[in-house]
Amino acid sequence: MLNYALLVHAAPYSHQAALSALRFADAIVTGGHRLAAVFFYHDGVHNASALMSPPQDEIHLAEGWKRLHEDHGTQLLVCIAAGLRRGLLNTDEANRHGLASHNVEAPFELTGIGQLVDAMLNNDRLITFAP
Amino acid sequence: MQLHLLNRSPQSTAVYRDLGEAFGADDQLLLIEDACYAALPAASGVIEAFGGRVSVLEEDLVSRGLAGRVSPAITVVDMKGFLALTETHERCVSWF
Numbered sequence: 001m002l003n004y005a006l007l008v009h010a011a012p013y014s015h016q017a018a019l020s021a022l023r024f025a026d027a028i029v030t031g032g033h034r035l036a037a038v039f040f041y042h043d044g045v046h047n048a049s050a051l052m053s054p055p056q057d058e059i060h061l062a063e064g065w066k067r068l069h070e071d072h073g074t075q076l077l078v079c080i081a082a083g084l085r086r087g088l089l090n091t092d093e094a095n096r097h098g099l100a101s102h103n104v105e106a107p108f109e110l111t112g113i114g115q116l117v118d119a120m121l122n123n124d125r126l127i128t129f130a131p
Numbered sequence: 132m133q134l135h136l137l138n139r140s141p142q143s144t145a146v147y148r149d150l151g152e153a154f155g156a157d158d159q160l161l162l163i164e165d166a167c168y169a170a171l172p173a174a175s176g177v178i179e180a181f182g183g184r185v186s187v188l189e190e191d192l193v194s195r196g197l198a199g200r201v202s203p204a205i206t207v208v209d210m211k212g213f214l215a216l217t218e219t220h221e222r223c224v225s226w227f
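Protein chains in written order, with our numbering: chain G, 1 to 131; chain F, 132 to 227.
This is chain G alone, in the form it adopts within the complex (with noise of 0.2 Å):
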């Protein structure tokens, strides 16, 4: 069993990499392997909207993304500097920059870039999807 950690720039449904890297992670743990983290970066951050509301026969890439957290403890880490100039933040965030209303919760984190240093060096594999 190999320890993977995934890297997604890319936003949903612009381009294909976020659902490539969330068709990937789900062969990884099917594969019998373990998806520690997923790092958010650049236009990425967007897969951590919780306003996101695409059609009911579409493939809803934030709850796949929670899914995999629930299932396999998976964690789904945001870059907290990408997130913040692109308008997604948690409550602590919102409150800090006086805004009305937050779209980032749990089990998606914001966090800093050593984060993804963390998930590079304690992690076997790191596979990046990028637009």
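Check the hints yourself; a few may be wrong.
[Stated by the list, open to error] Residues from chain G that keep clear of chain F, each with C-beta distances beyond 12 Å, as calculated:
1. M52
2. H69
3. P107
4. N122
[What the hints assert, rightly or not] Pairwise CB distance ranges, derived in the manner of DEER restraints:
5. F:R148 with G:H97: 37 to 47 Å
6. G:A94 with F:G182: 25 to 35 Å
7. F:M132 with G:A50: 22 to 32 Å
8. G:D71 with F:A215: 20 to 30 Å
9. G:V117 with F:M132: 19 to 29 Å
10. G:D124 with F:D157: 11 to 21 Å
11. F:S175 with G:H97: 45 to 55 Å
Keep in mind the hints are simulated off the structure, nothing from the lab.
All residues carry an ideal CB built from backbone N, CA and C; glycine is no exception.
On the provided structure of chain G, position chain F as indicated by the hints.
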């Protein structure tokens, strides 16, 4: 020994050129997403540089209507095959 993941169509010539320069003797290339178009016989000139160590992802071929149109020199793999390539290669580099 590295696995290279490529998702750009052969029209992105600079990416293919850079990848060709970085491609080692024991490396393997997996074509995904729009890079599937590089698996067609018409694009064989682009793929020649990778010495027959090229695979393409079946799911992405099918979604583009390209199944069954792949050059004989290229191996078609499914998601399990993609996973297997990452198991056997310690490092995976993505080109985009």
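Tested hints:
Distance to chain F confirms M52 of chain G as a non-interface residue, since its nearest Cβ pair spans about 21 Å, more than 12 Å. In this structure H69 of chain G is separated from chain F by more than 12 Å, as the shortest Cβ-Cβ distance comes to about 20 Å. No beta-carbon of chain F is positioned within 12 Å of the beta-carbon of P107 of chain G; the least distance is around 24 Å. Every C-beta of chain F lies more than 12 Å from that of N122 of chain G, the closest at about 15 Å, which supports listing it as non-interface.
Taken as a hint, the range 37 to 47 Å holds for the pair R148 of chain F and H97 of chain G, whose Cβ atoms sit roughly 44 Å apart. Between A94 of chain G and G182 of chain F the beta carbon distance is about 53 Å. The supplied range of 25 to 35 Å is therefore violated. With their beta carbons about 41 Å apart, M132 of chain F and A50 of chain G fall outside the hinted range of 22 to 32 Å. For the hinted restraint 20 to 30 Å between D71 of chain G and A215 of chain F, the CB-CB distance of approximately 22 Å keeps it satisfied.
At about 24 Å, the beta-carbon gap between V117 of chain G and M132 of chain F stays in the expected band of 19 to 29 Å. The hint said 11 to 21 Å for the Cβ distance between D124 of chain G and D157 of chain F, and at roughly 19 Å that hint holds. At about 54 Å, the CB distance of S175 of chain F to H97 of chain G agrees with the hint of 45 to 55 Å.
Hint check: violations occur at hints 6, 7; the rest are consistent with the structure.
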